[in-house]
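2 protein chains.
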Amino acid sequence: MSQLRKDPVVDRWVIIAAERGHRPSDFKAEPARRDEASCPLCAGCESRTPPEIWALRADGSAPNGPGWEVRVVPNKFPALAIEGALERRGVGMYDMMNGIGAHEVIIETPDHYQDIPDSDEPHVAKVLTAYRERILDLRRDTRFRYVLVFRNRGEVAGASLSHPHSQLIALTITPSLVKQKLESGRRYYREKERCIFCDIIGQELDTQERVVFESPDFVVVSPFAARFPFELAIYPKRHSHDFCLMSQQEIGSLARTLKQVLGRLREALGNPPYNYVLHTSPNSLPRAGRPDYWGTLALDFHWHLEIYPRLTRMAGFEWGTGFYINPVAPEEAASMLKSEPAAVAAEVH
Amino acid sequence: MSQLRKDPVVDRWVIIAAERGHRPSDFKAEPARRDEASCPLCAGCESRTPPEIWALRADGSAPNGPGWEVRVVPNKFPALAIEGALERRGVGMYDMMNGIGAHEVIIETPDHYQDIPDSDEPHVAKVLTAYRERILDLRRDTRFRYVLVFRNRGEVAGASLSHPHSQLIALTITPSLVKQKLESGRRYYREKERCIFCDIIGQELDTQERVVFESPDFVVVSPFAARFPFELAIYPKRHSHDFCLMSQQEIGSLARTLKQVLGRLREALGNPPYNYVLHTSPNSLPRAGRPDYWGTLALDFHWHLEIYPRLTRMAGFEWGTGFYINPVAPEEAASMLKSEPAAVAAEVH
Chain A
34 MSQLRKDPVV
44 DRWVIIAAER
54 GHRPSDFKAE
64 PARRDEASCP
74 LCAGCESRTP
84 PEIWALRADG
94 SAPNGPGWEV
104 RVVPNKFPAL
114 AIEGALERRG
124 VGMYDMMNGI
134 GAHEVIIETP
144 DHYQDIPDSD
154 EPHVAKVLTA
164 YRERILDLRR
174 DTRFRYVLVF
184 RNRGEVAGAS
194 LSHPHSQLIA
204 LTITPSLVKQ
214 KLESGRRYYR
224 EKERCIFCDI
234 IGQELDTQER
244 VVFESPDFVV
254 VSPFAARFPF
264 ELAIYPKRHS
274 HDFCLMSQQE
284 IGSLARTLKQ
294 VLGRLREALG
304 NPPYNYVLHT
314 SPNSLPRAGR
324 PDYWGTLALD
334 FHWHLEIYPR
344 LTRMAGFEWG
354 TGFYINPVAP
364 EEAASMLKSE
374 PAAVAAEVH
Chain B
34 MSQLRKDPVV
44 DRWVIIAAER
54 GHRPSDFKAE
64 PARRDEASCP
74 LCAGCESRTP
84 PEIWALRADG
94 SAPNGPGWEV
104 RVVPNKFPAL
114 AIEGALERRG
124 VGMYDMMNGI
134 GAHEVIIETP
144 DHYQDIPDSD
154 EPHVAKVLTA
164 YRERILDLRR
174 DTRFRYVLVF
184 RNRGEVAGAS
194 LSHPHSQLIA
204 LTITPSLVKQ
214 KLESGRRYYR
224 EKERCIFCDI
234 IGQELDTQER
244 VVFESPDFVV
254 VSPFAARFPF
264 ELAIYPKRHS
274 HDFCLMSQQE
284 IGSLARTLKQ
294 VLGRLREALG
304 NPPYNYVLHT
314 SPNSLPRAGR
324 PDYWGTLALD
334 FHWHLEIYPR
344 LTRMAGFEWG
354 TGFYINPVAP
364 EEAASMLKSE
374 PAAVAAEVH
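If you read the sequences in order, they're chains A and B. As numbered in the working numbering, the first sequence has no gaps in its residue numbers, which increase by one up to the final residue, 382. As numbered in the working numbering, the second sequence has no gaps in its residue numbers, which increase by one up to the final residue, 382.
With the rest of the complex left out, here is chain A (with noise of 0.2 angstroms):
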């Protein structure tokens, strides 16, 4: 089994993977693509998966066979194991647990070429609804505080296939970036008695400069101090903490957004690699006395996703500094990305 371990200096908890038995010639190699012919994702393919986990299947077919639109299986190399207890422990002045979890595989569509930008709304709106659904049901495990979904696409951005498909790995733990956020959030709500992430949403629709789409509810920017060139972050306008709170139709909305901004990227900047992830409250469990507990619910918390796109190799001792060099101004991000490409505007209007 894996292990969750926290750095004794900055609080960071990290997983380290169970296989054993390594040889450094494993790490002298980039990974091999796979082949697109035996993608184990395709329709047809269902066999090759684990057992799925939740499907939608309009036709009313059976499970692990075709007939799906959006089909969630448990991750085939799992980094954290479902089953077992989390005996937490120290070693010394470390800390440890086991690395327990749940990793699954959101396959977002039977067609292997069938991307976000290619799919039409409803289609995009049921692949979000996959996401609320695992999430929901992952929240009923007490031992998860939070879900992670996210997606990389492209080799270089971590996809090791190329067939649509997101991922969620739930949590025995909040990731630090989330939890410093949650924390900003709840200075600021104490402070001032209103929500950080409305007062900026606020300021980027009165100054437009990094407003790179805007619908009815939601709006999506290049954030000001991006750390990414065309790093890209979409708010819903109306404040809520948790993107599992949406309406039927805000979702139908996000669909639209995500296809817009998606497809806005892929032409523009030529199909670059890109990952993207949702920030949402916590699991909101009363459990006060935890250590990351949030209340029953992170209210002053605003649920948001953050794109971005993999298009230099620059990003390396920044994981030493947490200091980023970004070559490109966000105003100058947001200004190409704001037309729409011809061909997504052909579709739409």
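For the record, the hints were derived by calculation from the structure and aren't laboratory data. Take the hints with a grain of salt, since some may be wrong.
Pairs involving identical chains hold if they fit within one copy or between any two copies, as the list cannot separate such chains.
[To be verified] Below, in silico cross-link-like pairs of lysine-lysine (DSSO-like), each with a Cα-Cα straight-line distance of 27 angstroms or less:
1. K39 with K212
2. K270 with K109
3. K159 with K270
4. K109 with K39
5. K225 with K371
6. K225 with K39
7. K159 with K225
8. K109 with K159
9. K270 with K212
10. K39 with K270
11. K371 with K39
Chain A is fixed; fit chain B onto it per the hints.
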């Protein structure tokens, strides 16, 4: 001029570079590999760099011509400008200042193919001496709070030139990860009247599980909660907050350690790309009342050097979470690196 901008939610400054007018196509391709035949850092090409700031010239030769052993020049494409005032200002709820700082290149050798493991120890000591001399010089500029020394090796690690070199950036802020470590060190010292790093070193030397190399003055470990496969940290055994306070003998000892460890990484992992970063105390000018003032001396810090091989492509969503999955246990990495590679061993003994 570039700008320093602060993220209002997480306490993080970012350099937003000054260049404007990118076309989207600028980001579509990987950066071109430069031709080694026309390397501007090689001996005989001194006129192709900005005029030198510092050089070690044993033969007493004139500046900006051949005869040097280690040479420091301004970066030709600096991220920060050395001239100007900070002009701290608010933009609505955001904070920013001018991109003032120094950005220098430490050319480690006149020979394009002489990497640190190929150099003799006295030569490596000269490189380390260059680090020290430049840090000490830049500390006299009261605008600067931190001098960051780092080395990118290999194109994947962000090195645009393959000639062995390090870089240095003098900053008007303390990088966030360094700040976290300083705060943590101070907190631990206040509570226990001991240095947290000395305690870590003590435990590592006791168990030996993660020790890669040890000399009378230094110890190299793969940290307990390493974020990356084969991540390493070099600690001085003697408590010292400041890299610049090493004796000449200790510099020689660090040179031996660095050459050993980089040689072992090269042998074991097939010349991997990597970054290393020096974490030392910030500039210690008596300026109480500044937000990141650490007293006249951050005596409770313990300087160290961190090395991050760039072996996996899994580090993408980590930017959005602060959460890492390391597929190689540090104990396993340490055991693979424990033995001396044949080539290095033959030379040393």
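Outcome of the hint check:
1. K39 with K212: The answer is both: 15 angstroms in one copy and 18 angstroms across copies each meet 27 angstroms.
2. K270 with K109: neither (37 angstroms within a copy, 43 angstroms between copies)
3. K159 with K270: Answer is within; shortest intra-copy Cα gap is 21 angstroms, inter-copy 57 angstroms.
4. K109 with K39: within (26 angstroms within a copy, 40 angstroms between copies)
5. K225 with K371: neither (33 angstroms within a copy, 55 angstroms between copies)
6. K225 with K39: between (33 angstroms within a copy, 19 angstroms between copies)
7. K159 with K225: neither (38 angstroms within a copy, 54 angstroms between copies)
8. K109 with K159: within (23 angstroms within a copy, 50 angstroms between copies)
9. K270 with K212: The answer is within: 22 angstroms in one copy meets 27 angstroms, while 33 angstroms across copies does not.
10. K39 with K270: For K39 and K270, only the inter-copy Cα distance (23 angstroms) is at most 27 angstroms; the intra-copy one is 36 angstroms.
11. K371 with K39: between (42 angstroms within a copy, 24 angstroms between copies)
The structure shown violates the earlier hints numbered 2, 5 and 7.
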